[in-house]
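Based on the hints, put chains B and C in the right spot on chain A.
Residue numbers (our numbering), protein chains in the order written: chain A, 1 to 203; chain B, 204 to 406; chain C, 407 to 609.
Hints listed in this document are in silico derivations from the structure and should not be mistaken for laboratory results. Keep in mind that this is a model prediction, so the values were computed, not measured. Each residue gets a CB set at the ideal place from its N, CA and C atoms; glycine is no exception. Mixed in with the good hints, there may be bad ones.
Simulated pairs of lysine-lysine, BS3-like, Cα-Cα distance not exceeding 25 Å [said to hold, decoys possible]:
1. B:Lys229 - C:Lys433
2. A:Lys193 - C:Lys599
3. C:Lys599 - B:Lys230
4. B:Lys396 - A:Lys27
5. A:Lys193 - C:Lys433
6. A:Lys26 - B:Lys230
Anything over 12 Å on all C-beta distances counts as not near chain A; from chain B, calculated [claimed, not checked]:
7. Lys230
8. Thr269
9. Val335
10. Met372
Some chain B residues flagged as far from chain C (calculated, every beta-carbon gap over 12 Å) [stated by the list, open to error]:
11. Leu295
12. Ile362
13. Asp371
14. Arg394
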Amino acid sequence: MSFLSIIDILGTFAFAVSGAFSAMEKKLDPFGVIILSFVTAIGGGTLRDLLIGDTPVRWLRSGTTTLVIIAAAIATMFFGKFLKRFSITLFLFDAFGLGLFTLIGVQKGLQLEFSPGICVALGTITGSFGGVIRDVLLNNVPLVFRKEIYASASILGGILYLLLLKVDMFSPFASIISIMFIVALRIIVVRYKLALPDMYRRE
Amino acid sequence: MSFLSIIDILGTFAFAVSGAFSAMEKKLDPFGVIILSFVTAIGGGTLRDLLIGDTPVRWLRSGTTTLVIIAAAIATMFFGKFLKRFSITLFLFDAFGLGLFTLIGVQKGLQLEFSPGICVALGTITGSFGGVIRDVLLNNVPLVFRKEIYASASILGGILYLLLLKVDMFSPFASIISIMFIVALRIIVVRYKLALPDMYRRE
Amino acid sequence: MSFLSIIDILGTFAFAVSGAFSAMEKKLDPFGVIILSFVTAIGGGTLRDLLIGDTPVRWLRSGTTTLVIIAAAIATMFFGKFLKRFSITLFLFDAFGLGLFTLIGVQKGLQLEFSPGICVALGTITGSFGGVIRDVLLNNVPLVFRKEIYASASILGGILYLLLLKVDMFSPFASIISIMFIVALRIIVVRYKLALPDMYRRE
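Chain A with its partners taken away, still in its complex shape (with noise of 0.2 Å):
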């Protein structure tokens, strides 16, 4: 098994969850949970594939994703009822999507031989687009438009992938750094609420 592909079921694992999460919070029923995470987790990844026109889609043709969305979103729902508030495990598991994607989506664009802008471009909707149709279907604000910083997060660490790579640093390790860079810079950004500078504060 390769590095790429449990970098990509580690991703489908975290959104599954999100996705369940976020079902619960709402109290769907069991199935609108599992189709929540479904959702959540093939969102990014179908919209590149769309976009690149690389059909039939990835989890058509992969029964381990599938497999694996399920599972967590079962085990969400079995070990979720412990959880007295679900929002900081929902964060955490959303930052955890969001710096796997980002990278599956550079990674894709490099194989295809895009422009390192392209490829940060679908490290993002491969990363963020998921937990957008997430929000949208359950009627919340997307993450990616409130004043955190979110879909910044995923194009510096892509761009930090980039050039860790420019430098010549294996791939895997460069991975790891890029990933743990987005993850910390989430749980900073949202500890320490830093937002981008308010651009409609007016004396």
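Chains B and C alone, transformed into the frame defined by chain A:
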């Protein structure tokens, strides 16, 4: 004209009517009603075709679909005025659309020799996604996420169809039974307010 | 540089500005403004290209589009601050975007030798879908569903263009007339609060 294309046209008609009723409930203008009929009727099949890479999508190649939709929308605007309450009629057309399109999706999967699980998933996507778009655009909570058994009905119907084929039932016959099963299940579920067990109750 | 690509760049610019204004109205941070400009400007063309199977979609292959969008977003953030009210400017840019992109879509359909009805539909999709995404993401009711004549303007403009070609008018000339027609129609409709006849009134 093949059996499959008859089912397809009936499904298109049923969802177009359901889209038109939803739009009229929100008092959209005639043009908005036609757009919503269109989006509801082609939504599921379009997503399915995009996912499996079968493009240009079908309704771009066939004038029949467009004609059926416009006729359905106009008929609904004309006759719908005489109905006191839209909700029951809307519910029935939605149930038939779900049943008919689920079968179309499963059969498309079989043609492309996907695994049984993916065939059922394609059926559910084809059957339910048009309604999801309809509800999202009109700011309703998608039926698929409400407590009532909805996507589950589509999944069970898809499985039933595959089982009937397995025991060598003649395909059009198996189709009709499965479609009737889905419609009947939806009616029973809504009539008797059945739902999946609630996992949020805590004594 | 061809006549068509000039129209395309102008349309991209107009919709990017309209997306940026909408985002600023909702006080998104600078990054959110850029994302919304992007989604609004590429939404219609992307859906069209996905539907006809022309992938990888255009903006993945052309850096120009991305540059124009980012420039438009930054310019809007900079100069937009000096405007008292966004709504009129936003409306005008949206109207120009609708006109310009409708023509791009119709011409794409003609190139692929689709039937006239489908060419007009591709024009309407290209012209209006970016705005639909913009409005859905910001939780506004999509313009296309409001009472004012919007998609109808795009359809009429597309038909006008096909008619002008039919009488052998030089294509760039026919384009400019049709674009102006759509923009003018939008202005008149909004200025004089015109709408399609109301079918819900019952005495």
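*asked:* Check whether the Cα positions of Lys599 of chain C and Lys230 of chain B lie no farther apart than 25 Å.
replied: 17 Å, holds
*Mind verifying the non-interface call on Asp371 of chain B? Its CB should be farther than 12 Å from each CB in chain C.*
Non-interface label stands for Asp371 of chain B: nearest chain C Cβ at 37 Å, farther than 12 Å.
*For Ile362 of chain B, which was marked as not at the interface, is the minimum beta-carbon distance to chain C over 12 Å?*
Its Cβ never comes within 12 Å of chain C, the nearest being 30 Å, so this holds.
_Verdict on Met372 of chain B as a residue remote from chain A, using beta-carbon distances over 12 Å_ = 26 Å, holds
*Please work out if Lys229 of chain B and Lys433 of chain C have their alpha carbons no farther apart than 25 Å.*
29 Å, violated
*asked:* For a C-alpha distance cap of 25 Å, please report whether Lys193 of chain A and Lys599 of chain C respect it.
replied: The hint is violated at about 45 Å.
*Starting from Lys193 of chain A, check that the Cα of Lys433 of chain C is at most 25 Å away, please.*
17 Å, holds
*Going by Cβ atoms, does Leu295 of chain B stay more than 12 Å from chain C at every point?*
At roughly 22 Å from the nearest Cβ of chain C, Leu295 of chain B sits farther out than 12 Å, so the non-interface label holds.
*Non-interface claim for Lys230 of chain B: all C-beta distances to chain A beyond 12 Å?*
22 Å, holds
*Determine whether the non-interface label on Arg394 of chain B survives the test: each CB of chain C must be over 12 Å from its CB.*
At roughly 30 Å from the nearest Cβ of chain C, Arg394 of chain B sits farther out than 12 Å, so the non-interface label holds.
*Does the structure keep Lys26 of chain A and Lys230 of chain B at a Cα separation of 25 Å or less?*
29 Å, violated
*Hey, does Thr269 of chain B actually stay past 12 Å from chain A on C-beta?*
23 Å, holds
Violation of the numbered hints given earlier is confined to hints 1, 2, 6 and 9; the remaining hints are satisfied by the structure.
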